[in-house]
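Protein chains: 2
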Amino acid sequence: MVDVRYDVLGIGNAIVDVLVPAEDAFLVEHGLVKEGMTLIDADRAEQLYAIMGTGTESSGGSAANTVAGVAALGCRVCFVGKVRDDQLGNIFARDIRAVGVDFHSAPATEGPPTARCLIIVTPDAKRTMNTFLGACVELGPQDVDEELIAASAITYLEGYLWDPPGAKVAFIKAMGAARAAGRKVALSLSDGFCVDRHRGEFLDLVQHHVDILFANEQEITSLYQTDSFDTALQAVRGQCEIAALTRSEKGAVIVAGDETHVVDAWPVDHVIDTTGAGDLYAAGFLTGLSQGRGLPECAAMAGICAAEVISHMGARPEADLQALMKKNFG
Amino acid sequence: MVDVRYDVLGIGNAIVDVLVPAEDAFLVEHGLVKEGMTLIDADRAEQLYAIMGTGTESSGGSAANTVAGVAALGCRVCFVGKVRDDQLGNIFARDIRAVGVDFHSAPATEGPPTARCLIIVTPDAKRTMNTFLGACVELGPQDVDEELIAASAITYLEGYLWDPPGAKVAFIKAMGAARAAGRKVALSLSDGFCVDRHRGEFLDLVQHHVDILFANEQEITSLYQTDSFDTALQAVRGQCEIAALTRSEKGAVIVAGDETHVVDAWPVDHVIDTTGAGDLYAAGFLTGLSQGRGLPECAAMAGICAAEVISHMGARPEADLQALMKKNFG
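Going down the list, the protein sequences come from chains A and B.
Take any residue in the first sequence, note its place counting from 1, add 123, and you have its number in our numbering.
Take any residue in the second sequence, note its place counting from 1, add 123, and you have its number in our numbering.
One thing to keep in mind: the hints can contain errors.
It does not matter which identical chain is used: a pair holds within one copy or between any two.
[Unchecked claim] No farther apart than 27 Å at their CA atoms in a straight line, the calculated lysine-lysine pairs in the DSSO-like style are these:
1. K373 to K157
2. K157 to K449
3. K249 to K373
4. K291 to K307
5. K157 to K249
FYI, nobody ran anything at the bench for these hints, they're computed from the structure.
Required output: the full structure, derived from the provided sequences and hints.
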């Protein structure tokens, strides 16, 4: 087996977030599905952008947020994703490298511009996302370096990759390379509506190709088409090595073989913006695994990271995560 | 094996409850430990009774509440507990028989009067209990009919029985008789402070003598001397056949061998008085088991019963529980 060069290699849509606070009425007025992630085209993106209030731009993307978190926690990470050679693409690349993430993916020199996600944050701190995938649709198997995958202890994939067709092929190639090299594959189900779009394939992935699964309650109940969290919990047991099921303020349940851990949410004084909660949860958890910690400690680290990111606007950590870990775990 | 005459036989302290609403300041002023169950003597009982406002008297006692619930759900039940041949004793016996519970225990003809529990219900619906055990201290092995135990599918015991010394001997005799007859033994840990008083013995009971354990979060974390619910969960797994761990509005976790169920709390519009929540939870759960239902359904029935009893003052069900079950489970 080749030496491990990266603790975590993340593959995902490379997206710049535009965060705008707005009232619930705004969602209703513009037909937006609250708490969902809706794919939009270039025209709709332009139209929404025009009617939205002033926003904050920052690098985002689900798996990118996760690897940024893992880097902030001191692990060696790499990100694979497609931007265009435009201004937003430059911002994305600069930001992700600035937090210590290796980012080698060549930008597209033609085709649609860098992806953006228009995120409306309502006063209850919930986020409603509208994603124009842009250059992400250019991601393909040619962007997946099998040697890099083989040199990464965990390859982490976001379910959102199932939306752009070429990315899906890249996803499958990466998964195969990781498995062939005896490495672990981690997957986030990303979004309940995303699960709805690709249920059959996701069920197959979880059962046959994934070692570590991240899903929130909406996603896991959507996957198994049930209203009951417990029914979904029973269904996922044994399907993959570890399933980390998050339930917002209800905490999380970790299932691994016959083992089950019920872990409370980390307390948060004021929830400001839940964007990135799941992404940073995964970051803390994967870091714990990389450090060889037990599942309860991985879950605690995950909860701390999620709590940090929902305490402020934006999907990337602001506090010193390593210091937070040191304080709680020594 | 003899025929089953009772689905559940409960043994517990036979107590008349005196419920009084009061502000938190009342607890502080009189040095009462909020949410706890404090044992008091006759003098203190008289003194507290004098300073408390007007109360509502009703038959109570933890295991007695449970068997009353099981009877209301249509199962065959019996209660063993000691009252005195006084007015409160007559009330207790009349009430428990009125709800369909067989109650054969002979009243004491001398010694302290029938037990009472002065329950202060604060505006947050929490209950603080002060129990004068009275005649309960007269319960002893002579009150345990081994043939009756052998004819009961489940013998259900409350941890509070560990407080009066004679009752403890009765408890052990009943447990032995149930096990010898191939029947199941169920135990409620009753109260975190009660667990504190008897931890060593309770640990031994759970590990070696109990099939079905009921404990709330405070009790189970006290038993295993940890702050972490998950740590307690891991500790209790494998110690007994089934552990039903309740967490108030956080729902419950059921552990049985390698099986774990995470079940949400049944929704309640207004929580009025939490007295009896654990007792009725056990009632619903034991009824489900008696009816041969699976653990998720037992837990759902338990949650519905607990939700009913906390929706009004008092520790005995007021709604038609059988109708509630029919509505939800057909």
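Contradicted hints - numbers only | 2
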